[in-house]
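Just so you know, the protein sequences line up as chains A and B, in that order. Using my numbering, read the first sequence as starting at -13 and increasing by one per residue. Using my numbering, read the second sequence as starting at -13 and increasing by one per residue.
Read the hints as simulated data drawn from the structure, not as lab findings. Glycine included, every Cβ here is placed at the ideal spot set by N, Cα and C. Be aware that one or more of the hints could be misleading.
Just some of the chain A residues that point at chain B, by a computed CB distance under 7 Å [as the list claims (entries may be wrong)]:
| no. | residue |
| --- | --- |
| 1 | Pro27 |
| 2 | Leu57 |
| 3 | Thr79 |
| 4 | Glu104 |
| 5 | Trp129 |
| 6 | Glu141 |
There are 2 protein chains.
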Amino acid sequence: MKKLDKITPLEEDFAKWYTDVVKNGNLIKYGSTKGSVIYLPNSYGIWELIQNQFNKILKEKGVQNVYLPLLIPESLFKIEKEHLEGFNPELATVTHVGNKQLSEKLFIRPTSEVLFAELFKQSIDSYNDLPLIYNQWANVLRWEKTTNPFLRSREFLWQEGHTCHSNPLEARKFTRSMISTYAKFLKNYLAIPVVIGKKTPYEKFAGACSTYTIEAMMKDGKALQAGTSHYLAQNFSKPYQIEFKNKNNQKEFVYGTSWGITTRLIGAIIMTHGDNRGIIIPPKVAPVQVDILELFGDKSDKVKKTVNQLETLLSRKFRVRVDRSDKTPGFKASNSEIQGVPLRIEVGPRDLENDMVTLIRRDTLEKQLVKIDDIKNLIGKTLDDIHNNLYEQAQIRLNNNTIFVDNYEDFKKYIAQQKFVIAPFCCSDHAEIHIKEETGASSRCVPKEFQKPDEEKECIYCGCSSKTNRYVLFAKAY
Amino acid sequence: MKKLDKITPLEEDFAKWYTDVVKNGNLIKYGSTKGSVIYLPNSYGIWELIQNQFNKILKEKGVQNVYLPLLIPESLFKIEKEHLEGFNPELATVTHVGNKQLSEKLFIRPTSEVLFAELFKQSIDSYNDLPLIYNQWANVLRWEKTTNPFLRSREFLWQEGHTCHSNPLEARKFTRSMISTYAKFLKNYLAIPVVIGKKTPYEKFAGACSTYTIEAMMKDGKALQAGTSHYLAQNFSKPYQIEFKNKNNQKEFVYGTSWGITTRLIGAIIMTHGDNRGIIIPPKVAPVQVDILELFGDKSDKVKKTVNQLETLLSRKFRVRVDRSDKTPGFKASNSEIQGVPLRIEVGPRDLENDMVTLIRRDTLEKQLVKIDDIKNLIGKTLDDIHNNLYEQAQIRLNNNTIFVDNYEDFKKYIAQQKFVIAPFCCSDHAEIHIKEETGASSRCVPKEFQKPDEEKECIYCGCSSKTNRYVLFAKAY
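The shape of chain A in the complex, shown without the other chains (with noise of 0.2 Å):
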């Protein structure tokens, strides 16, 4: 075990604290082709629960797991041009095998709705066959300028889902109800409030002709998209050919929509409930839920005793680690705080004299001394305690640091302190652009609650009173 290093204030330097705490949490290392980054087990352990409890949610929505190719030929890729326009200068290619050359240059996925366009194309023959709902967990290249760990990294890890329904209604509602999936899971296993939404037009996914997004903040006020719903109507299945025959024996085609978390909510985690210990993962999606530290055990056979009956009692519930090395108490206890385990329990000689034992939150630091019988029962409650009160504190944040103005002035100065901003907008790319170079800021979404247009408030960037006005979120984002 190599020394924990010690961690940036996050008062004194945000970015630099996110990367001494990724680097620290058995969280990740550096790979050799820059922007790479390996997941070590904390961090790829946590995108496994991920995987594992959003999964059971899919299957009870009807969605089946596929797997597309890598690979994807330019000629099937730049049939569809806004989608390729959008992501060209991101496209890893493969024009090589070996020392041969390819006939056709081959992109690495930045995505695959061409591939599923594809597949649907071959799959769907009449209105029985629909709506067909699929999804797939895979890994995904762009290459981004700058990156950073889990929120910009050239490859990463989602779950891109891919529907096609009979009609734009259904398929509309179907956009919707999973931006609402994402944000429950959100809110119940990572313990993280979201801002629902629908993205601006200069905001939306190349191809898709609307996008509903969930944007969460970060503990320095920037916000995070977290998932996003794409309606993508006939867009994709028009240039690639997706029919299907309605109930009067006439083709139409598909209306589509695709969706997709990533491996970007590991940095949701660590920027929604880190602190200057290091992460805090939501016990829901912690890879270790309860470190069982031995303490002194060399000195004491009931020491070691009590670590294997709690160790055997416990992890038929839990998932739990036990530390029986030789390292200092305060050594195994920075070491699980580092790591982000919600809970962990001491076992030394002093407590056990009164059988007792030390219980730690993660969360608040907060010490319990508990007699040992009573430990069963008051962990299951306590990690519920720990998900409700890191949910709780996230919530007073993005309460008190959302802000409404009604004049660009006031706009400018919440954004440069780092506040989410509310303010009526037209929504036109222009003004869009501009307020992003004046001020850093991106429209994040129109919020869910006002989608609908908004004429009597006029724009606080030009002043007009459009149709298109709505009060649209604004912030610096990651």
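Start from chain A and add chain B according to the hints.
Structure of chain B alone, referenced to chain A:
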């Protein structure tokens, strides 16, 4: 739902039979890049169940899952020469991003030894950090010239385990323990018997010191390599400088192993258990274990009610699917059979008059009229019976088609009949290359029980009595 195609009888044309089975069993579609395959729910579901169940076994062995980058820089790959030379003709190479040429070629991983080497170098300090036992589930690419779904695809999915140990004994022991773990997994979960053995020098993995394998017999008598475990010695730790401080505080290079199973196993399932109606999926990895078919449900409320009751009852314990469509009973039955669902329950008005339903096993096609009240207890037992029967049939076939020979004439005769042939052999590259040219057979392994030399037996090819002589298993292979 498109029409089900006919399956060519396996006795008539085994290769055509295989293609028909994979195309019709909701298993694959072909992608648009040559040699690329789309895994549909029925095959990807098998892989997910393999993953989930094998992960539990890995966890018990102290294995931790990680995830490493897809792309390997050329400079990193070429540090170990034998390894690079072995893979070079099959390496898909990224040279461009968008329109820009990269300063260094990047290879899509064909396996991740060199990436793990880099990770281990960063992670290991002293003997306290050993053994270090990592695994990853990932996609890899090898540009095969001829391809066949599941068996030989350019992209495939696998698990690759990589470990570091402080001494060769422990590493060798771990290598062997993994090959036994694979053999046990295939027996207990896929109902596939295997021959465990060691590869000859000519057939071992590029970069390994020794390679262990499990070889299964397909229904046409050919061998399929179903899993491998490599003892890497210090072949990677020396060039990649993976050192640890031993108990005397001296630096030493670690001893490595690597081991993997792949989506080939789905091909192995098809060709071990399949019949002229399609795939038969062993119950433990069947995405659907029980199909409930509602027959003439529109005419009878009782049918619908019973189907709903059975679904609720059985879904608690088994993976259940219900076909409530208005298709014919014959179509529904064929559809269930072609997808290899181990058990189906047909619920029709005539049987229901006596409170009975019909239970049909996919392996024996045996039909049984069963009282509804007895169904619940019968399902679990029958699924076990199916597993055991599939295993037993395969074991009998393996035994009956494995032949010992002591001369090259018999050798050629039985190889031509597509048997597993065990013969004394000197294990020289030269003899092995000639045998392959002359008979089409390759050495599969030195079976476990024959790994001690047998100098008394003359090599069937060159007649020598060398101390490298072993009884070696030969066969034509996938």
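Here's how the hints hold up against the structure:
Interface hint status for Pro27 of chain A: upheld, as the beta-carbon distance to the closest one in chain B is roughly 4 Å, under 7 Å. For Leu57 of chain A, the suggested interface contact is upheld, since its CB lies about 5 Å from the closest CB of chain B, less than 7 Å. Proximity of Thr79 of chain A to chain B holds as hinted, the smallest CB-CB distance being about 4 Å (cut-off 7 Å). Hint status for Glu104 of chain A relative to chain B: holds, with the closest Cβ pair at about 6 Å, below 7 Å.
Checking Trp129 of chain A against chain B by beta carbon gives a least distance of about 4 Å; that is within 7 Å, so the hint holds. Interface hint status for Glu141 of chain A: upheld, as the beta-carbon distance to the closest one in chain B is roughly 5 Å, under 7 Å.
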